[in-house]
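There are 2 protein chains.
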Amino acid sequence: MKCTAAIDLRDVEEMYINIDPIQAGGRLTADAMKAVIAYGDGYSVCDNCRKPFRLDYIQKPPIADFHQDLAKFVGMDEARVVPGARRGFQAVAGTYVQKGDPVMLTGLSHYTEFIAVENAGGVPLEIPKNDQNIITAEAAAARIEEAEQTFGRSPVLLFIDQVDYQYGNLHEVKEIARVAHSHDIPVLVNGAYTVGIMPVDGKVLGADFVVGSGHKSMAAPAPSGVLATTSERAEEVFRTTQIKGDLTGRTFGIKEVEMMGCTLMGVTLMGMMASFPHVQERVQHWDEHLENSRLVVDALRSIEGTEIRSEMPRRHTLTRVDTSGSFDKVAETHKKRGFFLSSALKKKGIMGVIPGATKVWKFNTYGISRAQAEYVAEAYTEIAEENGLSIVSP
Amino acid sequence: MKCTAAIDLRDVEEMYINIDPIQAGGRLTADAMKAVIAYGDGYSVCDNCRKPFRLDYIQKPPIADFHQDLAKFVGMDEARVVPGARRGFQAVAGTYVQKGDPVMLTGLSHYTEFIAVENAGGVPLEIPKNDQNIITAEAAAARIEEAEQTFGRSPVLLFIDQVDYQYGNLHEVKEIARVAHSHDIPVLVNGAYTVGIMPVDGKVLGADFVVGSGHKSMAAPAPSGVLATTSERAEEVFRTTQIKGDLTGRTFGIKEVEMMGCTLMGVTLMGMMASFPHVQERVQHWDEHLENSRLVVDALRSIEGTEIRSEMPRRHTLTRVDTSGSFDKVAETHKKRGFFLSSALKKKGIMGVIPGATKVWKFNTYGISRAQAEYVAEAYTEIAEENGLSIVSP
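First to last, the protein sequences are chains A and B.
One point on numbering: in the UniProt record's numbering, the residue at position 161 of the first sequence is 161, and numbering is uninterrupted.
One point on numbering: in the UniProt record's numbering, the residue at position 212 of the second sequence is 212, and numbering is uninterrupted.
What the hints contain is simulated information worked out from the structure, not anything from laboratory work.
Note that the structure is a prediction, hence the values are computed from the model and not measured.
Each hint should be verified, as a subset may be incorrect.
List of simulated lysine-lysine pairs, DSBU-like, C-alpha gap at most 35 Å [what the hints assert, rightly or not]:
(1) A:72 / A:99
(2) B:51 / A:346
(3) B:336 / B:346
(4) A:329 / A:346
(5) B:244 / B:99
(6) A:347 / B:51
(7) A:203 / A:174
(8) B:347 / A:60
(9) B:335 / A:51
(10) A:174 / A:72
(11) A:329 / B:60
(12) B:244 / A:203
(13) B:244 / A:60
(14) A:99 / B:99
(15) A:336 / B:60
(16) B:359 / B:174
(17) B:244 / A:174
(18) B:348 / A:60
(19) A:336 / A:347
One chain only, chain A, in its complex shape (with noise of 0.2 Å):
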């Protein structure tokens, strides 16, 4: 019995300020929590599942509806919800790359589409990013052709991330999509970032897929995600089964193959659908989650010694920031060492940046109120000034 009494009941969101990196987008709205508690058993979604026995056709829950809201929300023709935006790189892979064929990925590239592209066989090629971490059109143009002479054929395949997960950068989305279909490549739009957190719009950029993450900016519980598509790229991703038994000649429907058939059959398609409506209301106000970030990351910048690593001004609420010449400083004699940042946020109520780290650290504002985001500024001014390294004017 040792599991289930060794199991703590979770309150970090309900009892501290959480600016964890991966976790901000995808704490639950309370209509998600109360389709938790209804649709936690198994199969849950299944009970008025008629003919053709697939998901995404359910009437009741109206999954069939959100399914193509979804597709509009992002901008595309069609979608599919997955176990997690890993499981829609891996079903876009699996279907346009063969051993030994050339793939886009970039230097910023979530570890994800790689392992995606080395499950398929692919031989994965980084377009670098520029001085500023930024990935340019200019380098995927250049990196492009250069695949092209080495392969003698192009790419088939690029996967760009609209925002990074290192330095939470805006790279060149729509310029470098251009660019792939000149040489013919489609273009899957990695939008763990952004999709559910900020307005986006895949045939704007571009896209050839857009892949979002449930659990990391949807408001939805884990794993789940989305994979969408245009009309003509669905059917090669969305394709149906074709195999049968070679004795019985049983066939199987209209089952996806790259979907392995239903994905998610109870609570975290439901608290998807539930968070839903408040996730298209939310991405409307991203200018105030943007502000507030600004402000922690004002407050930051003000520490003397504390550089920002992200693109300055923000555009995005995930940061990147290197305090090696400040509060990596205090560690080397304060008798908690590493941990006293940690420690002194978590005494003021914050969480989410990694025990220990001092030198180079991510965090994330998004979703927290105006006055939060003051108070989390304060706390970093206030513990820098507490431990002797001066405020100076950004």
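Go by the hints and put chain B onto chain A.
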């Protein structure tokens, strides 16, 4: 805002006795429900993720311990959680099946096994069921030898459902595994209807892989499941990433390729963990569940013209019944047509049989109490009598 407005809170498990064929084993325990509420937020299990940054290494909550317990629970050496049994099939097929490879399935294999084979490009070869709808070792041996003749080499993988989804029959798994191993074919035992419901010992069965379903049989939210294996096969199916950024030189630690890194980062895993001690306990009471099931089966058999299509005596709570000669006769003239049966059951507080089905249908009494089983048994004979069918001794 239409999605939220349209989500009715589900009360099937609270208001009815649910004998749905796929939902019976996935009802949450009370502890799972508590865990679901506490861990609903997106990446809720990642608060204390530290190096080496992989889900199954997390100590708090005790995910690492749970993985070890889970492997032991099914008599294997190593286990990982996956987003549904199907994703376990996909991982194994992805590891062993290359394009054009022969793969053994059976005439009763679940569609997700076929899709896993299709996704990997394998050629499916079915082992036929016998007259009693059982997959035998004899049939397996014959079909494997035939495959070797045709392909000039052994099949690369064999799937066998310990209990199949159509009849709920138990098959000759142990004997089939012995045959397969004599041809050097690794064996995947699909325990979607067994792991979490009845005792399963993969080592005794001779399994190389045991796959279970959290939302089908482990009282866990969807999508969840387990892929367990031997130490030897773990190195293959749980191989870690080798891919490298060609410009940055980035590598990606000990993330596992077929798992796509981490799998269940929140509510699904925590629900599975919270139910686990109860699941460990309940498999010891399999006989009681079987007895309850036999009560209902006997009642159905007592209705003139009704035949049980599953093996008899029943060795599983999932049963296929043919009422073409009884309830379907009633449907011919009943004003509600085929819907009379589900409607009459619903009035008596019983759900889970597809509305309109009066010919061949399935039900699963797993998890209901003795009193509930008696009630369901009586409900069937009452409905029969009310509609002019005779009750005979089976």
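Against the structure, the hints:
1. A:72 / A:99: Between residue 72 (chain A) and residue 99 (chain A) the Cα gap is close to 34 Å, so the pair holds against 35 Å.
2. B:51 / A:346: Roughly 21 Å separates the two Cα atoms, so the pair holds.
3. B:336 / B:346: The hint holds at about 14 Å.
4. A:329 / A:346: 20 Å, holds
5. B:244 / B:99: 25 Å, holds
6. A:347 / B:51: The hint holds at about 24 Å.
7. A:203 / A:174: Distance of about 10 Å is within 35 Å: holds.
8. B:347 / A:60: 20 Å, holds
9. B:335 / A:51: 23 Å, holds
10. A:174 / A:72: Judged against 35 Å, a Cα distance of about 18 Å means the pair holds.
11. A:329 / B:60: 30 Å, holds
12. B:244 / A:203: Since the Cα atoms of residue 244 (chain B) and residue 203 (chain A) sit roughly 31 Å apart, the hinted pair holds (cutoff 35 Å).
13. B:244 / A:60: 45 Å, violated
14. A:99 / B:99: 11 Å, holds
15. A:336 / B:60: Holds. Residue 336 (chain A) to residue 60 (chain B) sits at ~22 Å (cutoff 35 Å).
16. B:359 / B:174: Holds, at about 34 Å.
17. B:244 / A:174: 26 Å, holds
18. B:348 / A:60: 22 Å, holds
19. A:336 / A:347: 14 Å, holds
When each numbered hint is compared with the structure, a violation occurs for hint 13 only.
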